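Here the protein sequences line up with chains X and L, keeping their order. Numbering of the first sequence is given in the numbering used here, commencing with residue 15 and proceeding in unit increments. Numbering of the second sequence is given in the numbering used here, commencing with residue 15 and proceeding in unit increments.
FYI, nobody ran anything at the bench for these hints, they're computed from the structure.
The list treats identical chains as interchangeable, and a pair is accepted whether it falls inside one copy or across any two copies.
Straight-line Cα separation of at most 20 Å, SDA-like style, residue types lysine to any residue; simulated pairs:
id, residue 1, residue 2
1, K149, S369
2, K149, Q261
3, K149, P239
4, K341, N143
5, K379, D250
6, K418, E57
Bear in mind that the values here come from a model prediction, so they are computed numbers and not experimental data.
Number of protein chains: 2
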Amino acid sequence: MTTLLDSPPATCLPEAAVAALSDRFGDRFTQNQALRDQHGKVETYHAARSPDAVLFAQSTEEVAAAVAICAEHSIPVIAYGAGTSLEGHIAAVRGGITIDMTGMNRIVAVNEADLDCTVEAGVTREDLNLFLRDKGLFFPIDPGANATLGGMASTRASGTNAVRYGTMRENVLALKVVTPDGRVITTAHRARKSAAGYDLTRLFVGAEGTLGIITEVTLRLYGIPETISSAVCAFDDLEGAVATVVQAIQIGVPLARVELLDDVQIRAVNQWAKTDLAEKNTLFFEFHGTEAHVREQVEIVGAISSDHGGGELNWASSTEERNRLWKARHQAYYAALALRPGATGWSTDVCVPISRLAECILATKADIQASAIPAPIVGHVGDGNFHVVFVVDPDRPEELAEAKRLNSVMVERALAMGGTCTGEHGIGLGKIDALEAELGDAVDLMRAVKLALDPRNIMNPGKIFRLPA
Amino acid sequence: MTTLLDSPPATCLPEAAVAALSDRFGDRFTQNQALRDQHGKVETYHAARSPDAVLFAQSTEEVAAAVAICAEHSIPVIAYGAGTSLEGHIAAVRGGITIDMTGMNRIVAVNEADLDCTVEAGVTREDLNLFLRDKGLFFPIDPGANATLGGMASTRASGTNAVRYGTMRENVLALKVVTPDGRVITTAHRARKSAAGYDLTRLFVGAEGTLGIITEVTLRLYGIPETISSAVCAFDDLEGAVATVVQAIQIGVPLARVELLDDVQIRAVNQWAKTDLAEKNTLFFEFHGTEAHVREQVEIVGAISSDHGGGELNWASSTEERNRLWKARHQAYYAALALRPGATGWSTDVCVPISRLAECILATKADIQASAIPAPIVGHVGDGNFHVVFVVDPDRPEELAEAKRLNSVMVERALAMGGTCTGEHGIGLGKIDALEAELGDAVDLMRAVKLALDPRNIMNPGKIFRLPA
Chain X
15 MTTLLDSPPA
25 TCLPEAAVAA
35 LSDRFGDRFT
45 QNQALRDQHG
55 KVETYHAARS
65 PDAVLFAQST
75 EEVAAAVAIC
85 AEHSIPVIAY
95 GAGTSLEGHI
105 AAVRGGITID
115 MTGMNRIVAV
125 NEADLDCTVE
135 AGVTREDLNL
145 FLRDKGLFFP
155 IDPGANATLG
165 GMASTRASGT
175 NAVRYGTMRE
185 NVLALKVVTP
195 DGRVITTAHR
205 ARKSAAGYDL
215 TRLFVGAEGT
225 LGIITEVTLR
235 LYGIPETISS
245 AVCAFDDLEG
255 AVATVVQAIQ
265 IGVPLARVEL
275 LDDVQIRAVN
285 QWAKTDLAEK
295 NTLFFEFHGT
305 EAHVREQVEI
315 VGAISSDHGG
325 GELNWASSTE
335 ERNRLWKARH
345 QAYYAALALR
355 PGATGWSTDV
365 CVPISRLAEC
375 ILATKADIQA
385 SAIPAPIVGH
395 VGDGNFHVVF
405 VVDPDRPEEL
415 AEAKRLNSVM
425 VERALAMGGT
435 CTGEHGIGLG
445 KIDALEAELG
455 DAVDLMRAVK
465 LALDPRNIMN
475 PGKIFRLPA
Chain L
15 MTTLLDSPPA
25 TCLPEAAVAA
35 LSDRFGDRFT
45 QNQALRDQHG
55 KVETYHAARS
65 PDAVLFAQST
75 EEVAAAVAIC
85 AEHSIPVIAY
95 GAGTSLEGHI
105 AAVRGGITID
115 MTGMNRIVAV
125 NEADLDCTVE
135 AGVTREDLNL
145 FLRDKGLFFP
155 IDPGANATLG
165 GMASTRASGT
175 NAVRYGTMRE
185 NVLALKVVTP
195 DGRVITTAHR
205 ARKSAAGYDL
215 TRLFVGAEGT
225 LGIITEVTLR
235 LYGIPETISS
245 AVCAFDDLEG
255 AVATVVQAIQ
265 IGVPLARVEL
275 LDDVQIRAVN
285 QWAKTDLAEK
295 NTLFFEFHGT
305 EAHVREQVEI
315 VGAISSDHGG
325 GELNWASSTE
335 ERNRLWKARH
345 QAYYAALALR
355 PGATGWSTDV
365 CVPISRLAEC
375 ILATKADIQA
385 SAIPAPIVGH
395 VGDGNFHVVF
405 VVDPDRPEEL
415 AEAKRLNSVM
425 VERALAMGGT
435 CTGEHGIGLG
445 KIDALEAELG
455 DAVDLMRAVK
465 LALDPRNIMN
475 PGKIFRLPA
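Just chain X, with the same shape it has in the complex (with noise of 0.2 Å):
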């Protein structure tokens, strides 16, 4: 544990909570200013904002704990557990008191028979597969960031195997949460489904930590499959690479992950990894299954790519080469940096109907060429998911106001398509008006379910939604 090495400044905690939280957590509960500001950082463009105090918790207990006095004394609680959310999700911004979950990283228990886990909410992904690859067993949903669990249930995150295996609402079989007032619920146990009562587990996947802490997930795992084959495939044009998943899907491949890549995105990634990709829009794809059946897979896509102007596939066929290539795809982000250095990042999402997505992005990377900004795309094309990551100066704000405004049109866009203002990143700080948009009178049900859960609102205070002050 660190230590306190310096008194803290004055913050607007009240002495007694202070007193409370000293007393109940020793140095763990700190007031500590690297920490606090440690804790307050967020990803791209969002304001940092530090708490007031940092606690690491250690168990629920512990956290029911620490939100009992926070709700005594109305002090805002948030979560924080990898601190690699993309929508400010964690920025403090009303101060209080942000609980680090990452020492509560025990896996509680694996299930194999019912290919299930339950661990706490600090473990990481990266951490649950490593610790599950002896069993047979993996836990598919992959953000890219090492995230942990209890983040991604709380962010709905997906990523790259959304596809075939879903998002966390699909993957999250139950959670233990400490509610606003300080109780542990469970919002289910680990039958595969259920129809008793709401849904509560899925009002908390992807509620921001604004309804309650969760503090245990419930998961669902996959044994991992006998085959996995990955390949490449370069396309004359969106359009065709866009045709080709629609009809793979419609006739059931179940592709388990298919990603484009735009031909700004390839030329980032050429540079970046040394591959000699051909700078096209192009389709990652990666087959699971037994041998047959994926050889079988590859032959389809194959006959579906080339009908629609698609390359040949190249192959990834050994474990290193496959790594390899997802590796370049998931450092897409780094690369895109890359094009322009000393420049920062802004990575954001949308989601439209499949049918939408290439007119979507087409039009999307024409604002983009139409504007300043080096911006490459890349699409988890089978879920109609894109990204853009800007790639600006962060010395002249007029890019950041550039491209705000790009992504802006993009939210409006995609709107207008039947689609989503995220499709994985969350609402945070930075979608609350296009969440308005999209859902218009439907957000005032969130609210009033908000207000019901947390009447103080504690509990990540400023995101998602405003409420009347």
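Here the structure of chain X is known, so what remains is to put chain L in place on it, guided by the hints.
Coordinates of chain L only, in the frame set by chain X:
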């Protein structure tokens, strides 16, 4: 439209509300006793409770107008689809107005490339599938009864295909809902995934009409598989049957259906459907995929079942034979009733982690054998979900009491095994105490959400939980 033949008997509806509803809806608002009784009749053992009036709605706007009038006068409102729910969901336990949704039976849109469709809530699953067939698409969720899609969403229905395709939870993309104050909201749009705020879709799916009335449902669709193949396999013991399914799922065989019929149920089916199945615990399989992939799945499953005491896989290769097989499965309930002429049936369900399924079913069978009530068992094994059909003499109240006792023991056992009191039938009136036993304090959160969205408690009151008076 039914014409009003008799003037209605006095009910406790406020005159002003009756006037407003009659004025707006003419003879589609009726207090006719026969229609009231028809809409208050429920399946299984629950007492019929007629509403004070019935309204035949034809559009979302009409439902909204009716709910607004009811809200003004604090009149209970119950949505009615096919009337096939099993836990008394549609009983008008506090009177009020039942809105019959079956006139809202338009298919609003089918988006083939996106594999989705939007339908009004009164469309039945069979009508939808009939409409989709020529397009090479289908909607998989199949609870047996030809329920409406609004009703299926409201009870979070599933059925025989859930092991592969999920339940209504996974297959509803968005809902149009009339809120308890008569507003119309949309919970989401057509994107495959979204991280935009609270998951209102999943909040209404399974809310049993207690938070609002679903008027339109946007659903995921699937391409009709190239090859569909079915087989039955009789097992020496139940453990072997369950172990076969566990192993097949673990190695990733994408079973489309895997249903267990116990020896008692097989005997009933043989008598009812004139089949000659071996009177043993038997699995009914269905495989979907390309011809080669189905062949491979069958080989793998054949090998696994013979390792676990399964006999030969008996094939239904033609569509006709396959339909006959699944008809036998789907008529299990009627076959069970025929075991005891003049008897009535009560189908109940629990769901447990699959590792406990054999143990749970065997203990339940022992309880049944120790009682005098015939009660065959059918199970959606891949989900850990099974049904007991108690076949009771309606003239002997002690039999119903005994069935209730057996049901309670079954629920307690399922909860002790980490399961749920209902996998797919819902809570309704019948499992209110079971829900409390299962989720404890979490039910308080459900109540808080209910009161936040429906402060007058007019939406299907008396279901799922008790509210403070």
